[in-house]
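A.B. asks: For the sequence shown, the working numbering gives the first residue as 62, with consecutive numbering after it.
Everything labelled a hint here was simulated from the structure, so no lab data went into it. Watch out, some of these pointers could steer you wrong.
Unchecked claim - Distance condition first, Cα-Cα at most 30 Å in a straight line; then the derived DSBU-like pairs of lysine-lysine:
1. 145 - 181
2. 179 - 138
3. 204 - 303
4. 204 - 145
Said to hold, decoys possible - Estimated spans, in silico, between C-beta atoms of each pair:
5. 298 - 258: 40 to 46 Å
6. 100 - 295: 28 to 34 Å
7. 166 - 95: 16 to 22 Å
Each residue gets a CB set at the ideal place from its N, CA and C atoms; glycine is no exception.
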Amino acid sequence: MTSAATAPAPDAESDDTINGQRVYGCELIQQMGIMLALPQVGIATAQVMFHRFYARRSMRRFDVRHVATGALFLATKVEECPRKVRDVLGCFQHLLSKRAGKRPVPLDIFSQDYANLKDKLIRAEREILKELGFILYSEHPHKFILNYVKLLAPSKEQEHALAQAAWNFINDSQRTDACIKFAPEAICCAAIWFAARTLGIRLPSDASPPWWELFDTQRQDMDAVVQMVTDLYMRPRARFVKLDPPPKPAAPPAAPPSTPPPSPPSPSTPPLVPPSDPPSTPPSTPPSAPPAAPPSSPPLPSAPPSTPPSAPPSIPPSPPPPSAPPS
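Whole structure, please, built from the sequences with the hints as guidance.
C.D. replies: Next comes the structure, spelled out in structure tokens:
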């Protein structure tokens, strides 16, 4: 059954260019995961994050190489197989050097190049988390493959070969966006059908209902997945293509200068008329007397006059000193 479709990538390039960059990013994730000895579930989780991110964001704005590295680093945390930043960046630098035909040189963790790559890795991880809304769990078709093969393989001898071929098909399908367009059961059934056709193993297709309907899968979904993977096999080796940044939005046209509205005509001045005699007015009536004030309350008794303080008794002057006797 087809899963809920996501919004198409907002890119203006041709489908061939976009698909080539998807393949390149997923191959980079696969090779880095092998160098880091990651389990296949961790690699598959990183590839699903990669496809989910570019289903909503443009490859013009976000570099495929750094988003692939950020998705792998984030997937190691989600699947509980963490790796150090310097190990992830070391593998990334090694693969870029080999693809460019240069001699790989160990990455110096004290260099400015390492600091720049680390900053881009953290930024890519942050953008993935923000775009996916921290919903990072995904179900992979790998976990169904062994149970389905045990039910469908004609013999024990063919069971291992059928499971291995179907497993390889699923790993290849991760380089396409089939993982975000179809349910994992449909991808698993398509892998078993393709592997059986490749190995010449006959499956019980004459039963009613067909065997894929037992696993809640429609034939048209299987055909679509197989077509996507066979188109992948016919592609040349993917190479990185530097896409131009998105053009800046054009500025809105300037509004024409507004002309002020015409001023209303000034009212004409009326002609001067000599003042006429004022009309006679009737004699004015004398103003009525104001109402009498209410009787005032009786005055308060006045305080007794204060007695002035008595003057202190005068001190008599001291007598003059006796004069000295004549000599």
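A.B. asks: For each hint, tell me whether it holds in the structure or not.
C.D. replies: Structure-based check of each hint:
As the CA atoms of residue 145 and residue 181 are separated by approximately 15 Å, the hinted pair is consistent with the 30 Å bound. Restraint check for residue 179 and residue 138: satisfied, since their Cα atoms lie roughly 16 Å apart, inside the 30 Å limit. Of the supplied pair hints, the one linking residue 204 and residue 303 is violated, its CA atoms being roughly 36 Å apart against a limit of 30 Å. For the hint linking residue 204 to residue 145, the alpha-carbon distance of about 27 Å falls within 30 Å, and the restraint holds.
For residue 298 and residue 258, the hinted distance range of 40 to 46 Å is not satisfied, since their beta carbons lie about 25 Å from each other. For the hinted restraint 28 to 34 Å between residue 100 and residue 295, the CB-CB distance of approximately 30 Å keeps it satisfied. Under the hint 16 to 22 Å, the C-beta atoms of residue 166 and residue 95, about 20 Å apart, fit the expected range.
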